[in-house]
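S.K.: Residue numbers (my numbering): 46 to 299.
Calculated from the structure, these hints are not laboratory results.
Fair warning: this is a prediction, and the values are worked out from it, not measured in the lab.
A few of these clues could be false.
[As the list claims (entries may be wrong)] Each pair of labels, with its calculated beta carbon distance range:
(1) 181 x 109: 20 to 26 Å
(2) 64 x 124: 37 to 43 Å
(3) 180 x 96: 33 to 39 Å
(4) 250 x 73: 36 to 42 Å
(5) 197 x 118: 18 to 24 Å
(6) 233 x 69: 34 to 40 Å
(7) 233 x 73: 36 to 42 Å
[Claimed, not checked] Okay, derived cross-link-like pairs now, DSS-like style, lysine-lysine, Cα gap no bigger than 27 Å in a straight line:
(8) 183 x 143
(9) 260 x 217
(10) 237 x 217
(11) 237 x 183
(12) 237 x 260
Where is the CB? At the ideal position from N, CA and C, for every residue including glycine.
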Amino acid sequence: MSASLGPKLSFISRRFTDSSLDYSDLASLLSTFQIEKLSFLYRFFDANGDGHVDMDDMDGMNERLRSVAGWSVDDPQYLSLMDNNRVFMECLLDQVKKEKNIEGLEHRTWGEALAPSKMTVSSVGLKPWLNMWARLCKGAAGIDSFPIWVQLLPRVLFNIIVAREGGDVISKKALRNFYEKFTGLGGVQLDKVTEEGFRTASANGDYDLDFDSYKLLFSNFLLGKTIYGPGKYIFGCFDNRDMEETYKVKYDNA
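Full structure from sequences and hints, please.
M.R.: Rendered as structure tokens:
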């Protein structure tokens, strides 16, 4: 008889994915949980809720982040945020264009493959978004493996979280504020997720949650395939039953 560690929980709750989409072609590249997390991130960028991420979402996205940070509309940090988000959106659309340009490349003739591309991309739907992240995550070892524009994300979020206190370390209070105002957690759930999220992110308080630590968490958010990774506490709104239920040992009879 052999023993192996296995998750007691299966990821069943799907709050952010689109049930009308077929994800089977992504199964070898992204786990169900990764799809859930990346779908949540997509919903943030689709600020106007029209089902597409494009430049029209910029104002709503910027305002949501400004509200969390507590900046005034003329705060230099907010103006910098708007510039960063514009660059991010431009790079995102360019990345999706590149993905579309190589789709079906193996089936094109030499003439078709070498012809100048006239394709333009002005918006991104959920499925192309997931396809893009599947390619970006493949073989990635951490956040530094991603393009520079992706590496903007953890810096932007970190700056938003620490803005109200003005420090360079995320406190439990700052994390709670982010969960409440950005993710929308409240009541007992907000308190429990804040406690567990900060405990996990700071290794039981042994380490400061500075930007280097936050980057590692964000890497796990993108690359972690199960609910047991610390990266899910970047936003804290996913399947958190593991806060009360643990791994169990599975026994296989030899």
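S.K.: Hint by hint, note whether the structure agrees.
M.R.: Taking the hints in turn, this is what the structure says about them:
| no. | hint | verdict |
| --- | --- | --- |
| 1 | 181 x 109: 20 to 26 Å | holds, 24 Å |
| 2 | 64 x 124: 37 to 43 Å | holds, 40 Å |
| 3 | 180 x 96: 33 to 39 Å | violated, 22 Å |
| 4 | 250 x 73: 36 to 42 Å | holds, 39 Å |
| 5 | 197 x 118: 18 to 24 Å | holds, 21 Å |
| 6 | 233 x 69: 34 to 40 Å | holds, 37 Å |
| 7 | 233 x 73: 36 to 42 Å | holds, 39 Å |
| 8 | 183 x 143 | holds, 16 Å |
| 9 | 260 x 217 | holds, 17 Å |
| 10 | 237 x 217 | holds, 12 Å |
| 11 | 237 x 183 | violated, 33 Å |
| 12 | 237 x 260 | holds, 23 Å |
Violated hints for the displayed structure, listed by number in ascending order: 3 and 11.
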